[in-house]
Amino acid sequence: MPSEALLQVEGLTSHYGPIQALHGISLEVHPGELVAMVGANGAGKTTLLHTISNVHKASGGRVVFDGREITRSAPHKIVRSGICHIPEGRQVFAPLSVEDNLLLGGFTQRQDKAWMAEEMARIYALFPILQEKRRQAAGTLSGGQQQMLAMGRALLGRPKLLLLDEPSMGLAPLLVAEIFRVVRELNEQGVTILLVEQNAKAALGIADRGYVLETGRVVLTADADTLLADEAVQKAYLGH
Amino acid sequence: MKRLSGLFLLAAAIVLLPILFPDNYFVTVVGVTAGLNAILAVSLNLLMGYAGQISLGHAAFFGLGAYSSAILTARYDWNPWPALLLGLAFTGVIAYVVARPILRLKGHYLAMATLGLGIIVHIFIVQLGWLTGGPDGLGGIPTLSLFGWAVDSDQRWYIVIGTLLVVVVWLALNIIDSRSGRALRALHGSEVAAEMMGINTAATKTGVFVLAALIAAVAGSVFAHQQAFVSPDSFSFFFSIELVTMVVLGGMASTYGAVLGALILTFLPELLVVFEDYEVMIFGGILMGMMIFLPQGLFVGLGDLLRKLRRQATPTPRKPAPQEPASHKPTPQKPAPQKEEKRHGVA
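Chains as they are written, first to last, in my numbering: chain A, 1 to 240; chain B, 1 to 347.
These are computed hints drawn from the structure, not numbers from a lab.
Backbone N, C-alpha and C fix where the C-beta goes; we use that ideal spot for every residue, glycine too.
Warning: the hint list may mix true and false statements.
Claimed, not checked - Derived lysine to any residue pairs resembling SDA-like cross-links, with alpha carbons at most 25 Å apart: (1) K57/A x T204/B; (2) K133/A x R307/B; (3) K308/B x L96/A; (4) K113/A x D304/B; (5) K133/A x S153/B; (6) K113/A x I175/B; (7) K106/B x G89/A; (8) K57/A x A202/B; (9) K57/A x T206/B; (10) K77/A x R307/B; (11) K106/B x L96/A; (12) K106/B x Y16/A; (13) K77/A x A114/A; (14) K308/B x S97/A; (15) K77/A x L211/B; (16) K160/A x T28/B; (17) K133/A x I176/B; (18) K113/A x K308/B; (19) K133/A x N200/B; (20) K106/B x G17/A.
To be verified - Label-pair ranges, simulated between beta-carbon atoms: (21) F229/B x G143/A: 34 to 44 Å; (22) L268/B x A94/A: 30 to 40 Å; (23) A121/A x Q312/B: 18 to 28 Å; (24) A94/A x P269/B: 46 to 56 Å.
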């Protein structure tokens, strides 16, 4: 199992100035898996994803994706190699139309117009509201719709691996359930996903495996079900 | 479709004006300057309005284009066309070399750096007297000639510059709507998010910076031939500010807005000749006023204002009050009464 990991992170460290945010993170994501990384606010979840995407520089350790080391690759090259990152807080391009946002998601796929058209249709089918509002500025969408847009946009990048940062942030519970259902569905369609969440229950509920992150360290890793049943996890994150 | 109809309107206006007002000073003389300014504003708008990279030194590239043509043709007797090409290459190389380090900066820092660039180019123009003629300027620049058709009258310059303006506007509209244009608009919002889309933001910014510089250099070269004389005053820091004012006045991220802003700021001083000494102050005032009252610019802001006025002129034509006398279900089109009901319910 270890050799065929799609994403392999080894001893990754990262700093903000003198403050160390990640203290040697190691993790693996295998093709087809949905892996959840849970942890409290400030545990370093977002920093971890940013460091994998290299929008935040790693100070040590390695990131290997698809058999190639990408620790120091430029962010846009990492995207081209097949990692799509859906950032925290969605980060849709607010003044641009929904359709332009989606087209930007397919920025790396320009050679394949037919595929793009097909994929756009598939995303509109997945999120009909996006088709309805495709000429509207993305900033006018509600939080849930923006999350759908961000996910659709990432799918157009034809990801081998999707990094999902806190998709439940600021959404009503009903919408959270809807978003997690879509995440599960995408994974079932074959997209490998690394999901970072504060909402441990919902995330572990759909994941295959999980990691628990605390102040920049992985403190626990197991199958999602095992983690959900774990007493310490229940106490710390599930409010039991 | 919509954008091309705008272009058609612009072209029609350029063609019709001299027919309606033949030999009019404002059309053929001021119009030529306005056209050049519009070309510069459109190019600066690509950089500033769409990509969000402020430049307070755009006049530098205008100057480099103008002086390249002026020096090569007036001093070294080159034919204007190869001089134009060499000037473009020269300006392009400088813009490219400067772009990488300068465009790492953001906000005020980028503004300061581009300001510095503008001032440096201006100082070079003034100080290299043996080459540029120094503060006295450089004259004797031959006129352009297109396949034997000498551009030697105001009317002919009007045709040349009007055509160039239409071409530049067309180019800008196409770029904005293209894949690279989307990349530009994306990095305006958030460079990190743009990187996450796989956009090479450094290369994209450099690209638009060089493109804007090249368009400005073409305008500079044409300007030099049209005036037959260049002096450093035309390329000073104040002109850079004026260009920024045109873009902001017309509306950032609107190509037609940039054209409108350029037209207004070219004609306004002509109409207010008395206030000549206060021109810069008036520009500053306009800039401040715009930022406070119409931050979207005239083009977008006036459009919104017109729509609002029209709505007020025809008081709420939405739905006449007598609808269905006894509708039990609240229709989804009327969310307001629903909310009120709820509030009553809670209270």
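K308/B paired with S97/A [C-alpha distance capped at 25 Å]: At roughly 23 Å apart (the allowed maximum being 25 Å), S97/A and K308/B satisfy the hint.
Proposed proximity, Y16/A with K106/B (alpha carbon, max 25 Å): This hinted pair holds, its Cα atoms lying about 20 Å apart.
Hint consistency between K113/A and K308/B [alpha-carbon to alpha-carbon, up to 25 Å]: Outside the cut-off at roughly 41 Å; violated.
Pair hint outcome, K77/A versus R307/B [Cα-Cα no greater than 25 Å]: violated (45 Å)
Agreement of K106/B and G89/A with the hint, judged by alpha carbon distance not exceeding 25 Å: holds (22 Å)
Satisfaction of hint between L211/B and K77/A, Cα-Cα up to 25 Å: holds (24 Å)
F229/B versus G143/A beta-carbon gap, inside 34 to 44 Å or not: For G143/A against F229/B, whose Cβ atoms are near 60 Å apart, the range 34 to 44 Å is violated.
Pairwise hint evaluation, N200/B against K133/A, where the allowed Cα distance is 25 Å at most: violated (28 Å)
Given pair status - T206/B, K57/A, alpha carbons within 25 Å: holds (23 Å)
Agreement of K77/A and A114/A with the hint, judged by alpha carbon distance not exceeding 25 Å: Satisfied, since the Cα-Cα distance of roughly 23 Å is no more than 25 Å.
Given pair status - L96/A, K106/B, alpha carbons within 25 Å: Between K106/B and L96/A the Cα gap is close to 21 Å, so the pair holds against 25 Å.
25 Å Cα cutoff - pair K57/A, T204/B: holds (21 Å)
Consistency note: the structure conflicts with the earlier hints numbered 4, 5, 10, 16, 18, 19, 21, 23, 24.
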